[in-house]
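Engineer: Going by the working numbering, the sequence shown opens with residue 366, and the numbers climb by one from there.
None of these hints come from the bench; they were simulated from the model.
Where a beta carbon is used, it is the ideal one built from N, C-alpha and C, also for glycine.
One thing to keep in mind: the hints can contain errors.
What the hints assert, rightly or not - Straight-line Cα separation of at most 27 Å, BS3-like style, residue types lysine-lysine; simulated pairs:
no., residue 1, residue 2
1, K473, K411
2, K371, K397
3, K411, K471
To be verified - Beta-carbon label-pair distances, calculated as ranges:
no., residue 1, residue 2, range
4, V442, E380, 53 to 61 Å
5, V381, A427, 51 to 59 Å
6, A395, K471, 32 to 40 Å
7, I430, A384, 46 to 54 Å
8, I398, V442, 45 to 53 Å
9, E380, I406, 35 to 43 Å
10, Q464, V381, 18 to 26 Å
11, D434, S402, 28 to 36 Å
12, Y399, T377, 29 to 37 Å
13, G454, H420, 56 to 64 Å
14, M385, Q464, 36 to 44 Å
15, S448, Q424, 48 to 56 Å
16, E435, S396, 30 to 38 Å
17, L455, S396, 41 to 49 Å
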Amino acid sequence: MAQLNKKLSASTLVEVLVAMLIIMIVFAIASKIYLNSFMQIPSYTKLMVNQQLEHQLQQIQAGEIAIIDEVTIDEIVYHYEISESQIDGLKLIEITATQEQQIISKIKGLIAIPHIDEQN
Numbered sequence: 366m367a368q369l370n371k372k373l374s375a376s377t378l379v380e381v382l383v384a385m386l387i388i389m390i391v392f393a394i395a396s397k398i399y400l401n402s403f404m405q406i407p408s409y410t411k412l413m414v415n416q417q418l419e420h421q422l423q424q425i426q427a428g429e430i431a432i433i434d435e436v437t438i439d440e441i442v443y444h445y446e447i448s449e450s451q452i453d454g455l456k457l458i459e460i461t462a463t464q465e466q467q468i469i470s471k472i473k474g475l476i477a478i479p480h481i482d483e484q485n
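From just these sequences and the hints, can you work out the full model?
Structural biologist: Shown next as structure tokens:
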């Protein structure tokens, strides 16, 4: 076999792979830190709670979920309050979202409930 008289630099590929690995790790850690800080923003929490309230109201109006006094989802307590409305055959429901005894958001809507216990 032929012998090579000059030295080849084979370490360049390894250096590129190591540098790429370090950059990927730095970006992965930075993105996790950014997302965690973004998730703790109060406006983001309020936006997510408002979406959850609208979703729950739609499910109740469609009759997909039962009305319970309180439901806890992701450390947020949703309290349901049903009262009479001015329209016959409809009830007024108010869903309040609280976290650590502080009200985050409320939503009101009309639901059709023919026979509901007034003892709730």
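Engineer: With reference to the structure, classify each hint as holding or not holding.
Structural biologist: To see whether the hints hold, each was checked on the structure:
no., hint, in the structure
1, K473 / K411, "holds (16 Å)"
2, K371 / K397, "violated (47 Å)"
3, K411 / K471, "holds (10 Å)"
4, V442 / E380: 53 to 61 Å, "holds (55 Å)"
5, V381 / A427: 51 to 59 Å, "holds (56 Å)"
6, A395 / K471: 32 to 40 Å, "holds (37 Å)"
7, I430 / A384: 46 to 54 Å, "holds (53 Å)"
8, I398 / V442: 45 to 53 Å, "violated (29 Å)"
9, E380 / I406: 35 to 43 Å, "holds (40 Å)"
10, Q464 / V381: 18 to 26 Å, "violated (48 Å)"
11, D434 / S402: 28 to 36 Å, "holds (35 Å)"
12, Y399 / T377: 29 to 37 Å, "holds (32 Å)"
13, G454 / H420: 56 to 64 Å, "violated (24 Å)"
14, M385 / Q464: 36 to 44 Å, "holds (42 Å)"
15, S448 / Q424: 48 to 56 Å, "violated (20 Å)"
16, E435 / S396: 30 to 38 Å, "holds (36 Å)"
17, L455 / S396: 41 to 49 Å, "holds (47 Å)"
Of the numbered hints listed earlier, those contradicted by the structure are 2, 8, 10, 13, 15.
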